[in-house]
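Build out the structure end to end from the sequences listed, making use of the hints.
Listed in order, the protein sequences are those of chains D and Z.
No gaps in the numbering here: position 58 of the first sequence is 58 in our numbering, and each next residue is one more.
No gaps in the numbering here: position 412 of the second sequence is 412 in our numbering, and each next residue is one more.
Treat the hints as calculated values from the structure; they're not laboratory data.
None of the values given here were measured: they were computed from a predicted structure.
Where hints are given, some of them may not hold.
What the hints assert, rightly or not - Which residues of chain D face chain Z? A few of them, derived with a C-beta cut under 7 Å, are:
hint, residue
1, Gly29
2, His62
3, Val65
4, Glu69
5, Leu71
6, Gly72
7, Trp85
8, His88
9, Gly90
10, Glu91
11, Thr93
12, Pro151
Note that the Cβ used here is the ideal one computed from N, Cα and C, for glycine as well.
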Amino acid sequence: MKPETVLSSFHAAFGNKILEDRTIERQVGTIDPKPVYDLWIVVDRASLHDAVAHLCEDFNPHLAVISGEDLGSELALNYHFTTGWGEHYGEVTFTIRTLLPKNDLRVPTITDLLPGAQTSEREKREFFGIEVDGIPDDRNLFLPEDMTIHPWRKDLEEETKGSVKRLVKWEERDE
Amino acid sequence: MNNQSINLEIGGGGERTCYTVPIGPTHPALKEPIRFTFDLSGEQIVGVDIKPGFAHRGIEYMGMRRNLIQTLYLSERICGICSISHPLAFTQAVENAAGIEVPPRAQFIRTIIGELERIHSHLLWAGVGAHELGFDTLLHLTWNVREKCMDLLEQLTGNRVDYAIPIFGGVRRDIPEEKAPLAYEALDYYKGLLQQMIDAYLHDKSVEMRTRNVGVMTYDQAIELCAVGPTTRASGVKKDVRVDMPYLAYADMDLHAITPEDFGTEPIGDVYDNIIVRLLEVAQSIEIIEFCLENLPEGELSSIPKVPALLAALKKAEGEGIGRHEAPRGEVFHYVRLVEGQDEMAVWKVRAPTYNNLMPWVPKFLGDEIADIPIIAASIDPCMCCMDRVHVVDEAGLESVRVKEELVRLSREKTRRVCG
Numbered sequence: 001m002k003p004e005t006v007l008s009s010f011h012a013a014f015g016n017k018i019l020e021d022r023t024i025e026r027q028v029g030t031i032d033p034k035p036v037y038d039l040w041i042v043v044d045r046a047s048l049h050d051a052v053a054h055l056c057e058d059f060n061p062h063l064a065v066i067s068g069e070d071l072g073s074e075l076a077l078n079y080h081f082t083t084g085w086g087e088h089y090g091e092v093t094f095t096i097r098t099l100l101p102k103n104d105l106r107v108p109t110i111t112d113l114l115p116g117a118q119t120s121e122r123e124k125r126e127f128f129g130i131e132v133d134g135i136p137d138d139r140n141l142f143l144p145e146d147m148t149i150h151p152w153r154k155d156l157e158e159e160t161k162g163s164v165k166r167l168v169k170w171e172e173r174d175e
Numbered sequence: 001m002n003n004q005s006i007n008l009e010i011g012g013g014g015e016r017t018c019y020t021v022p023i024g025p026t027h028p029a030l031k032e033p034i035r036f037t038f039d040l041s042g043e044q045i046v047g048v049d050i051k052p053g054f055a056h057r058g059i060e061y062m063g064m065r066r067n068l069i070q071t072l073y074l075s076e077r078i079c080g081i082c083s084i085s086h087p088l089a090f091t092q093a094v095e096n097a098a099g100i101e102v103p104p105r106a107q108f109i110r111t112i113i114g115e116l117e118r119i120h121s122h123l124l125w126a127g128v129g130a131h132e133l134g135f136d137t138l139l140h141l142t143w144n145v146r147e148k149c150m151d152l153l154e155q156l157t158g159n160r161v162d163y164a165i166p167i168f169g170g171v172r173r174d175i176p177e178e179k180a181p182l183a184y185e186a187l188d189y190y191k192g193l194l195q196q197m198i199d200a201y202l203h204d205k206s207v208e209m210r211t212r213n214v215g216v217m218t219y220d221q222a223i224e225l226c227a228v229g230p231t232t233r234a235s236g237v238k239k240d241v242r243v244d245m246p247y248l249a250y251a252d253m254d255l256h257a258i259t260p261e262d263f264g265t266e267p268i269g270d271v272y273d274n275i276i277v278r279l280l281e282v283a284q285s286i287e288i289i290e291f292c293l294e295n296l297p298e299g300e301l302s303s304i305p306k307v308p309a310l311l312a313a314l315k316k317a318e319g320e321g322i323g324r325h326e327a328p329r330g331e332v333f334h335y336v337r338l339v340e341g342q343d344e345m346a347v348w349k350v351r352a353p354t355y356n357n358l359m360p361w362v363p364k365f366l367g368d369e370i371a372d373i374p375i376i377a378a379s380i381d382p383c384m385c386c387m388d389r390v391h392v393v394d395e396a397g398l399e400s401v402r403v404k405e406e407l408v409r410l411s412r413e414k415t416r417r418v419c420g
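Here you go:
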């Protein structure tokens, strides 16, 4: 998969809805170096589902994982896809980044397009306290079922610390 | 993993009582915690709910509160088996974010240790698989053979696990020329044994009867569920980071992804195909290590050898990076974002292979029998610490817990039954 092919297809389909794009070229190999590419694009939340749908239609993507970051007033989600696998040197990573305002932490599910995204969406849901609209299963996955704190939220840091302190106290009592 | 939607048609027109069976709290296949809740109609599995997280230690949270070298040690302790896979992906992510070069010799040494880890991990898995089926002789034989690899790792790095080889910008230990004969001797030992291993696993009638068409995942399911590693390659998906987007010394080699086609059979995606892929990958790893030893470049071990200078360089770095490594169980993916003037990372996301192989368990379990649970659970080579038990409830809502010993007993009885 050529990086230009993916990017030009996205530019043609989405135009100015792509707020930012970047292609990072890296040289790999010690004898005869060859380039590999990491692609990054930023879209707003309204275009996220369409962007993933476009990717699924033309590029047979694999979702590696969704990562997230608390930026204070906003929360960033990075959907890390890879496409072009099955071919020697054929793969590129393709990350779709979207920002969610802190007062409205909602994102549409992509499990209708790629059922394998469920694990990652459930993890982001519990760790960041975001709502994933349309997710088939919204229970906690890695955290205990009755846990309500969101450990990766920086504005909820005190609650997380309090929970760790309670756990340490409980474990000390156990001895 | 809620699969009420994937109900299977079961004979008897739905009049048979459906039981829900929790299995756990200890894992039926490996010594790690995960809870499976199976819906059973007679002996047949008609639904499964998976709950991991019992071994969640908040490593990413801890890593985002420590400096990068402290976190490197932490990354090595994410998993005991993949104790070089996580540091390999992590160092590459940080190097990509900070723009640090890695000298060629260091790239080759990283690859050698990474491939030795694959050999011992696949042999460990094959032994566990044999145990679940009731062939303890084969388990002991396989694990005895695995010791040679562990000994070699100890001779090369000083440790059987947690080798502490990669550091940002290079490696911490050299493989000196006098150690090479030890490595060649171990590789020759495995080359001589490989055909015997293939005969013992793949040409054995009872292994075939217990694993053929058991725990099947189709090609399409593997793609839409985003499966990784030997689990997806057993279904015929040619996906291998070492081939698709090469890195380290893999970039200098002409590799191909191993699927059951290399054994001359059509991929079905069952447990038998998982054995094929893993055993053939051991052969591939031997070739990779030989290539690396023969072509080991001369030169530096690290581009920034002094630790204080390295920490200072990392503190100045700004940017984001992705690090990927094809671990024995599948792709390990690390995402890192560094902020200038900050010792710790702004974001660290670790994606272990079992994380993506959770969903593929669902189609693998559905339609199979309760006695097949241990071998199917083991077939993806799960690793909970990288990422938890089995729990059974009947239609009246009564829960019962099947302990590991009982499941292994059922699995062994089935082996005896099918072998007459």
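Hint check, failures only: Failing hints, ascending: 5, 6.
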